[in-house]
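Trainee: These are the residues of each chain, in order.
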Amino acid sequence: MSFLDPAAVHLERRDDQPPTLSIAGDLFFSVKIRQAFPLSRESRYITFFDQDDEYLGILADPSSCDEETGRIIRDEIEWRYFRPRITRIVEMEGRGGTSLFSVETDRGDVKIPMRDLREGMVELAPGRILITDENGNRYEISDLDRLDRRSRRLIRRLI
Amino acid sequence: MPLINKIPSELTHLIRSGLPAGEDHGDLLFACKTDLAPDGRIDESMLAVTRRHLVVATRSDGAWTLTHSLSLAKIDGLTVEPLVGASALVAEVDGKSIRLLRYTHAVAQDMTDAVESLLHLIGPDGSTDHTEPVAEEPVPDWSSREAHLRTFGRLWSFCLPHWRKLVIAMVVTVAASAIDLLPPYLTMILVDQVLVDQSMFIWLPTIVALLAVSRIVHTGVTIISGRMLAVLGDRLAYDARSELLNVLQLLPLKYYDMQQTGGLMARIARDAKSIHYFWIDFAPQVVQQGLLVIGMTAVLFYLNWELALLVLIPIPAIIFASVHIKRYLMWFYGRSWDSWATFFERVNDALAGIRVVKIFAQEKRQSRDMQLENEKVFTAERNIHVRSRTVRPLLAFLVSVGGLLVLWYGGLLVQSNAMTIGMLVAFLLYLAMFYSPVQQLTGMADWIPEMMTAITRTFEVIDSPIEEYTPAGIVDVPRFEGRLQLQDVNFGYVAHQPVLKGINLHVEPGEMIGLVGHSGAGKSTLIKLMCRFYDVDDGRILIDGTDVRRMDLTQLRSQIGYVEQDPFLFSGSVADNIRFGNQEASREEIIEAAINANAHEFIVKLPDGYDTPVGERGGRLSGGERQRVAIARAILHDPRILILDEPTSALDLETEKKIQEALGRLMEGRTTLAIAHRLSTLRDADRLLVLKNGEPVELGTHEELLDRQGEYYRLVQLHTNVSSIVGVEG
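Heads up: the protein sequence lines correspond to chains A and B, in order. Taking my numbering, the leading residue of the first sequence gets 622, the next gets one more, and so forth. Taking my numbering, the leading residue of the second sequence gets 32, the next gets one more, and so forth.
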């Protein structure tokens, strides 16, 4: 079996440092945590890398780990993957081939410059949209149906 | 079978005269007409075959003469000799080669079929086989002119499921035409009774209201019929595209060998759309404009037959001019399409090869070349627009002649009180409406060939024979053990030009066979036969003792894995590509496969991990990464027989090692046929089959073949020299 045993995996953090991982008693300092399926299955399949970015292993279901390990995994994922969630579309302007979306997100208000709408807006699942702006920044609409009516109408024009 | 149904009677007599007397020849089995005389003139020749005899006749100055008459029993062999720009059919008789006839590529397929049938009659050892050749399923010929009628039939068949909607839409269209006839008549009443006479002035608001109502109803009816026909047309185009898309997946690989992908794309995108145009623009227009012309002619004659006759005077000129102008302009439209096609081709090339352009510092030249094509497009477009802007006013002038005649004669009639002013006004209004449908109908006559060609091309693809997935007498083989036998396998892409000759091989389950040979030796062809992309010409390929031709194609291919030299990945995520052969696979299984393919580590380091889009054809991954994703895909597919085309491109040592490891895991426990380029793979193979010019020349282990110092030894020596030069570890 290529997956780590959740019972043998433990993470701890000291003084805001990158976390230390223990796998069946072996210690690895300053580990990096990445998701194997960051877009389609965020909550599962967590991979660990040591400080030299060497692969250590993959955990299928972090919810089976102890509470502290689960919390550190969530924090690290939150830290590594910056993808504000859009809560409202305020305005959409189109100007000479580029578009500017003024939006409200869970991380604050932002203006998203878009050059290529076909490439930049991907519907990951029905109602779940990933927006990548012309600088490579990413934003997500987790559930289109939960946006207000005007925001929904503006987005539906584009997808 | 190129059976000619109607052989001219004088030719039948001639053929009969060429047959030896006193034998029962029975009916003519088949005949095939070719397009060259033996001396190379473009003229007809005819190959005719009975049960026992073959006759060749040639036409010269309109008269047929007999050139060959051979007993089939005496023919030892028949070969098609490829010439440049033509081919020749040659018979071997008593150790001599007899050149029977020559023909161009235009009839090559017919002749190939005829030779197949002849060989069937002669038998492999020259013994005549008197059984009837098996008639193949006839493939409809969509290219001929009379096929257009059949195309109409097919168009109806597409429309049949929606006939109710079509009938309603047509009825509404007819209603719109009828309403169109009303306003000029009301105008006549308005002018005569209300404005001039003023005896019924009180009716003014009513008539204006009626005019308004007729316009409103007409607008409403036009919107309804337009919308109904638009939806119907889109639905029909969708149906045609769906059928095309389904067929395209089921067509045999050899179909794609003969077609340009770009051409097929055009058929899906553009030609299938013609069905939409037919039902949306063409059919309703013909009905509506036709009814308008008929209705208005009737009304004009009802109002005043003398004036109506005057109206008809310019019509022959309008029809003549419309037809000729359209045909004249078609040349320029054709030129414009061609120049656009070349322009897109050039731009597409330049963009796809932008790296090569930059590395060779050829930006300016490329830009100049594209500019040249741009100029050609400009010239072609200008030619069309300048000419069409000239001829349209000329046509409008012709139309106005009718109006002038009506004004002149109508004026005289009004002056002599033979006609009211209102009637003259109504006449002029009808006139303005009359010539437009005449012009449109005339234009449509020229539309037909263009549109029918596009629709016919669509049906041509839809009716192409698809692969036989479930042959008759099928043998169920749900799980292969993996025993492979190739027995006297012969194969050529073009009949009688063998690429593989006399291949015999027996592979035990789990064995790994390396295929070795120069490029063009037939290695890839052998692999294509194993996947049943093509069928053998002679001999058999057996898996676990069953001929692959008696297996369900899906069952067969689902148990064969194929890792290409330069694997093709589909746009989609890494995970989508790994699960391509096994859609039910869980994420755990995908990860396991990737780990075994040494791909997991690089995948999880990608920003989106397994969710990362690989780009068109996997372009966002490196060559080594694509290889490993393809290996993971093959592992998850879990085939019993693995076919491997080892990459020739040199990869860095680390990647190379990872791929070799991954391949090792993939081959474990599976029967493997591998086109090997690396010495390490050759050493690991259980046995090696060495091919030269399509023939097997050596079979044995690496060591045995080295000891033999034959073809393999020479290949290895060559490889070692090259490797030492480029510094690649074998």
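Source of the hints: derived by calculation from the structure; they are not laboratory data. Keep in mind that a hint or two might mislead.
What the hints assert, rightly or not - Derived CB-CB ranges, DEER-like:
#, chain 1, residue 1, chain 2, residue 2, range
1, A, L721, B, S431, 52 to 62 Å
2, A, S723, B, Q280, 38 to 48 Å
3, A, I780, B, K389, 33 to 43 Å
As the list claims (entries may be wrong) - Mimicking DSBU-like on lysine-lysine, the simulated pairs with C-alpha atoms at most 35 Å apart in a straight line are:
#, chain 1, residue 1, chain 2, residue 2
4, B, K357, B, K196
5, B, K64, B, K407
6, B, K127, A, K653
7, A, K732, B, K636
8, B, K636, A, K653
9, B, K559, B, K64
10, B, K688, B, K127
11, B, K559, B, K688
12, B, K357, B, K407
Beta carbons are placed, not taken as given, at the ideal position from N, Cα and C, and that holds for glycine.
Trainee: Please go over all the hints and tell whether each is borne out by the structure.
Mentor: Results for each hint:
no.: 1; hint: L721/A <-> S431/B: 52 to 62 Å; in the structure: holds, 53 Å
no.: 2; hint: S723/A <-> Q280/B: 38 to 48 Å; in the structure: holds, 45 Å
no.: 3; hint: I780/A <-> K389/B: 33 to 43 Å; in the structure: holds, 35 Å
no.: 4; hint: K357/B <-> K196/B; in the structure: holds, 33 Å
no.: 5; hint: K64/B <-> K407/B; in the structure: violated, 42 Å
no.: 6; hint: K127/B <-> K653/A; in the structure: violated, 80 Å
no.: 7; hint: K732/A <-> K636/B; in the structure: holds, 29 Å
no.: 8; hint: K636/B <-> K653/A; in the structure: holds, 10 Å
no.: 9; hint: K559/B <-> K64/B; in the structure: holds, 34 Å
no.: 10; hint: K688/B <-> K127/B; in the structure: violated, 58 Å
no.: 11; hint: K559/B <-> K688/B; in the structure: holds, 28 Å
no.: 12; hint: K357/B <-> K407/B; in the structure: holds, 22 Å
Comparing the model with each numbered hint stated earlier shows that hints 5, 6 and 10 do not hold.
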